[in-house]
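Fit chain B to the known structure of chain A by using the hints.
Chains as they are written, first to last, in full-length UniProt numbering: chain A, 1 to 161; chain B, 1 to 202.
Among these hints, one or two may not hold up.
Here are the computed lysine to any residue pairs in the SDA-like style, where the Cα-Cα straight-line distance is at most 25 angstroms [stated by the list, open to error]:
1) K123(A) to K53(B)
2) K159(A) to A25(A)
3) K53(B) to K71(B)
4) K170(B) to K159(A)
5) K90(A) to K71(B)
Which bits of chain A does chain B cover? Going by a derived footprint, with three or more residues having C-beta under 8 angstroms, they are [claimed, not checked]:
6) 79-88
7) 101-115
8) 120-128
Some chain B residues close to chain A (C-beta under 7 angstroms, calculated; not the full set) [what the hints assert, rightly or not]:
9) D26
10) T66
11) P68
12) A72
13) R135
14) N160
15) E162
16) T196
Rather than coming from a laboratory, the hints here were simulated on the basis of the structure. C-beta: ideal position from N, C-alpha, C; glycine also.
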Amino acid sequence: MLKLKAFFFSGAVLLAAPSQAQHVAVIKFPELQKRLAQPTDTTYVVNFWATWCGPCVKELPNFEQVRSAYANQKVKVLLVSLDYASQLDKKIKPFIKQRKLQSEVVLLNEPDPNTWLGKIDPKWTGSIPFTLIVNNQRRQHATFEQELSTAELTAALQKFL
Amino acid sequence: MKKPLAILAFCCALLLSSFIARPTADGYQVGDKATDFKLKNVDGKLVSLADNKAAKGYIVVFTCNTCPYAKAYESRIVALHHKYAPQGYPVVAINPNDPAVVPGDSYAAMQTKKYAFPYLQDESQQVAKAYGATRTPQLYVLTRQGSDLIVSYTGAIDDNSEDAKLVKTKYAENALTEILAGKPVSVSATKAIGCTIKWKRA
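With the rest of the complex left out, here is chain A (with noise of 0.2 angstroms):
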């Protein structure tokens, strides 16, 4: 039954989107860390890509394939497109619209990497793709500097449900 709910949610979605280009928020990184600091019970899952990175670009169907599996849990993919913002019309737009990504995207606009990188996780060396996985509500994170399968990524998530 939940397969089945899913299957027409995914399919409806799938429906509506040629209609319904999607939106990109060019944001700051106070922005972005506003909303990763909401003391919610939705676990996020972020993922850091730029359209110029290869791993990105190839591991993207596995975030889309997890945004759909968990669409009726307390699951967010959002991810956050490292792109200049400059490029945003000529590169991010149609990049989204041909590979018809549904999940959310937003655009980090800040020049200076050494000024959030560490914000995000000390960790962080600065290659991307990264992802972060944080449920605040029960102040559990998870960070991944490296390319995730849909299945190292359902195992990661699966310890935040």
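For chain B alone, coordinates are given in the frame of chain A:
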């Protein structure tokens, strides 16, 4: 009441995780002694840091032909060499990417670059691993202390990868200015985004 507690717990967890990470963290931290290497330059000759007796130190940059960030910084790396080589700190560029993963980083592709400094292929990727490099571009400033080369700065070149004209803080140059003045480096480690090094597939 609940919120500050949560924040406190999160901070504690962060602190704890960084403490746990420290001793096991791979690669060089500032203050560590860098080991020398012998890598093939684009001219076919093997290059070691020990070769250049006149150097007071080096600007070692892990970079490549293909990463958009490396490309964005290419001219700035060349400029660093022109500015600091005469002052005793030449650039040594190392390409750690596996050409089997990125053909654009093959030895032949590297040879299309005509830099005034060595551009070395880290074929075994052992040097990148020893340094703890994770991305391109990633920079290490080494200073000679006796017979040792000590890591004195590691991290970003500056604070704006997209546009050199918009740079406000030149992290690497600030460190070099202090090093040349014989002062301790005030900001000795910075973080930057880059392309993940393309490691050999197991």
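### Query
Which of the numbered hints above does this structure break?
Going through the list in order, the structure violates hints 1, 2, 3, 4, 9, 10, 12 and respects the others.
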